[in-house]
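Student: Protein chains in written order, with numbering that gives the first Met the number 0: chain X, 0 to 136; chain E, 0 to 365.
Derived from the structure by calculation, the hints contain no laboratory data.
Ideal Cβ placement from N, Cα and C applies to all residues, glycine included.
Among the hints, erroneous ones may be present.
Far from chain X, some chain E residues (derived; all Cβ distances over 10 Å) [as the list claims (entries may be wrong)]:
# : residue
1 : Leu130
2 : Val239
3 : Asp280
EDC-like, lysine to aspartate or glutamate: derived pairs with alpha carbons at most 16 Å apart [stated by the list, open to error]:
#  : chain 1 : residue 1 : chain 2 : residue 2
4  : E       : Lys242    : E       : Glu189
5  : E       : Lys242    : X       : Glu59
6  : X       : Lys17     : X       : Asp32
7  : E       : Lys349    : E       : Asp317
8  : X       : Lys99     : X       : Asp85
9  : E       : Lys267    : X       : Asp97
10 : E       : Lys349    : E       : Asp303
11 : E       : Lys242    : X       : Glu65
12 : E       : Lys267    : X       : Glu94
13 : E       : Lys190    : E       : Glu128
14 : E       : Lys190    : E       : Asp219
15 : E       : Lys190    : E       : Asp160
Selected chain E positions facing chain X (Cβ under 10 Å, derived; list incomplete) [what the hints assert, rightly or not]:
#  : residue
16 : Pro159
17 : Arg162
18 : Lys242
19 : Leu246
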Amino acid sequence: MARHVVAAVGEIPPGGRKLVTIRGREIGVFNLDGAYYALINRCPHQGAALCTGAIVSRLEAPMPGEYRLAQPGSMLRCPWHCWEFDIRTGQSWCEPEDVKARSYAVTVEPGERLARGPFMAETVSVAVEEDYVVVTL
Amino acid sequence: MTQEAPPSGAFSGLAGAVDCDIHPVPPDMRALLPHLDPYWREHVERRGLERENLDTSAYPPGAPINARPDWRLPAGPPGSSLAALQAHLLDPLAPRAAICNLIHGAQMMISEDLSAGLCRGLNNWLAAEWLDRDDRLRASITVPVHSPELAAEEIERLAPDRRFVQVLLLAMTELPLGRRMMWPIYRAAEKHGLPVGIHAGSSFRHPPSAGGWGSYYLEDYVSYAQGFAGALNSLLAEGVFQKFPALRVVLIESGVTWLPASLWRINKTWRGVRAEVPWLDRLPADLVRQHVRLTLQPFDAPPDARSLEVLLDQLGSDELLLFSTDYPHWHFDAAEGPLPAGLPPALLRKITVENPLATYPRLAAA
C-alpha cells in the first residue's frame, strides 16, 4: 500500500471528478460536497469505463407516485447499461451486497505533511502551503 | 372407494388435494334469470338477452381443448352439470376443496352496470346451484372487470360468505392490470384476504397478440402466455405489490414454463431502468416469488424429466405451483392424470395441499 497524491484540492470542484492512473490502474476521484471518494474505472458488470458515466441522484419512492430526489449527485450511472453505483461505497443500487465497484481510501492532506513523505506524486507537484487529495492503493 | 366408483387410478394419491381451477358454466342464460336482481331480469328479458349465451371465444365449443371427450355431456355445455362434475372429478379425486372459476361474457361487457348486474346473478347462481349443493366447492368472485368500483362493491357484498375465496380477473382486458384505475379491486381483495386470480382470457375486442389479430385459434391460445407476462409486468412496474403488500395473485391457466425466461428478462432490464419505477426496490423476480402463484394445468411440460427438473430449479421456489385439473378442459387423459410426469414426490404435497392452503387463507381456516 502506498499513498498517491492525485490532485490539489481546488482541482476537483464539488460535483466534479478526475480520472487518474495509479500503478497502471485507472481510477476516478470524485468530490461530493467537499468529501472525496475514489472508484476503479471499471464496471463490475462488463468492464465499461464506469467513472466516465453520468453523475446522478438517488431516485426513490416509498410508494408508487411518492417520488423523492434523494442524495443529489451521489450516484454514478454506468455509460453502457445504466446500472447505478454509489460513489461513496461502490455498491450498486440493485444488488449492493453482490455487485460492487472497487473503492479506495481517499484523504485530504496538507502539503506540509506530504513533504515529509513517503508518497507518490508522478503528475502532481506538491507545495507545502496547499492541501492535496491522496489515494491509498 | 366403492367398486362402483369411476376408475380413480389417475387420481390415486391425490385425495385431500385442493383443485385450484375448475369450470362450472351455466347451462344457458335462462338458468341465471331467477338469480338476477328484478331490474336486471326485466332488462335481460326485454332485450331478449336470455336467448344469448354470452359465451366468450376463449373456448370455442368445437375446440378439442374445450372438454375432455369423456367429460362432454349428453346435453348442455361441458361443465354445466353438478352431477357430472361429481362423477367425473369430485368423487374419484376426493379433493379437500375445488375452486370454481366462471368465465362468462358478463365479466367483460362494455356496459358497466349490466356487467355488474349479470356478475351478481352469476355469483348468486353459483352459490345457490353449486356451493350450496356440494360442500367441497369453493368459488372465485366474478366481477365486472372494466368497472373497478362496481367490482369492489361486489367483493364487499360477497366477502362475508367464506366460500368465496378469491377475486377473478382476466389477463387481457381494457387496461394493463397494474394501472391505478384497477386499484379499488386490489384494495378490496387485500382487505378481505382474498387472492386475485388472473385467468387466461381477454375482452375479445382487442387481439390476444400485441401485433394484431391472428388468423387461427392456435395463435390465440399460445399467445395467452404473452398476455400473462404483460399482466405480470404491469403489476410489478406499477408498484401494486408495494401498495398492497398483503396481496396475493394467482395466475390461472397461464402455463408455467414461460415464467423463468420472463423473470430473467425483467430482472435484467430493471437493473438499467429501475430509476423510472423507483418504488420497485428489489429484484422483480423476488416479488413474484413472494406474491404470485400459478395453477398447474396447463403446465406446458418440457419433454423429459431432466428438463422438468431444470425448470423447477429455475422457478426458484417450491411454493409457486398450485394443483389444478382445469376441469372440464382437456389437458390430460384419464390414463395419464393431472400431474406432469417426473414431478418429484417431495414437491407433490407442496403443490397439492400446502401451497394452496398458504395461498387461500379461507381454505386453511375452513
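Student: Assess, step by step, whether the Cα of Lys349 of chain E is no farther than 16 Å from the Cα of Asp317 of chain E, and give holds or violated.
Tutor: holds (7 Å)
Student: Decide if the proposed pair is consistent with the structure: Lys267 of chain E and Asp97 of chain X, CA atoms, cutoff 16 Å inclusive.
Tutor: Satisfied, since the Cα-Cα distance of roughly 15 Å is no more than 16 Å.
Student: Does the structure keep Lys242 of chain E and Glu189 of chain E at a Cα separation of 16 Å or less?
Tutor: This hinted pair holds, its Cα atoms lying about 10 Å apart.
Student: Please settle this one: Asp280 of chain E was flagged as non-interface, so is its CB more than 10 Å from every CB on chain X?
Tutor: Contrary to the label, Asp280 of chain E does not stay out of reach of chain X, its closest Cβ about 8 Å off (not over 10 Å).
Student: Is Lys17 of chain X within 16 Å of Asp32 of chain X, Cα to Cα?
Tutor: holds (15 Å)
Student: Quick one, are Lys190 of chain E and Asp219 of chain E close enough, alpha carbons at most 16 Å?
Tutor: Status violated; Cα separation ~35 Å.
Student: Given the hint that Lys267 of chain E pairs with Glu94 of chain X, does the C-alpha gap stay at or below 16 Å?
Tutor: holds (12 Å)
Student: Assess, step by step, whether the Cα of Lys190 of chain E is no farther than 16 Å from the Cα of Asp160 of chain E, and give holds or violated.
Tutor: holds (14 Å)
Student: Taking the least C-beta to C-beta distance, is Leu246 of chain E closer than 10 Å to chain X?
Tutor: violated (13 Å)
Student: Just to be careful: measuring from the Cβ of Lys242 of chain E to every Cβ in chain X, is the smallest value less than 10 Å?
Tutor: holds (6 Å)
Student: Taken at face value, is the distance from the CA of Asp303 of chain E to the CA of Lys349 of chain E at most 16 Å?
Tutor: violated (22 Å)
Student: Take a quick look at whether Lys242 of chain E and Glu65 of chain X sit within 16 Å of each other, Cα to Cα.
Tutor: holds (11 Å)
The structure is inconsistent with the numbered hints 2, 3, 10, 13, 14, 16, 17, 19, although it conforms to all the rest.
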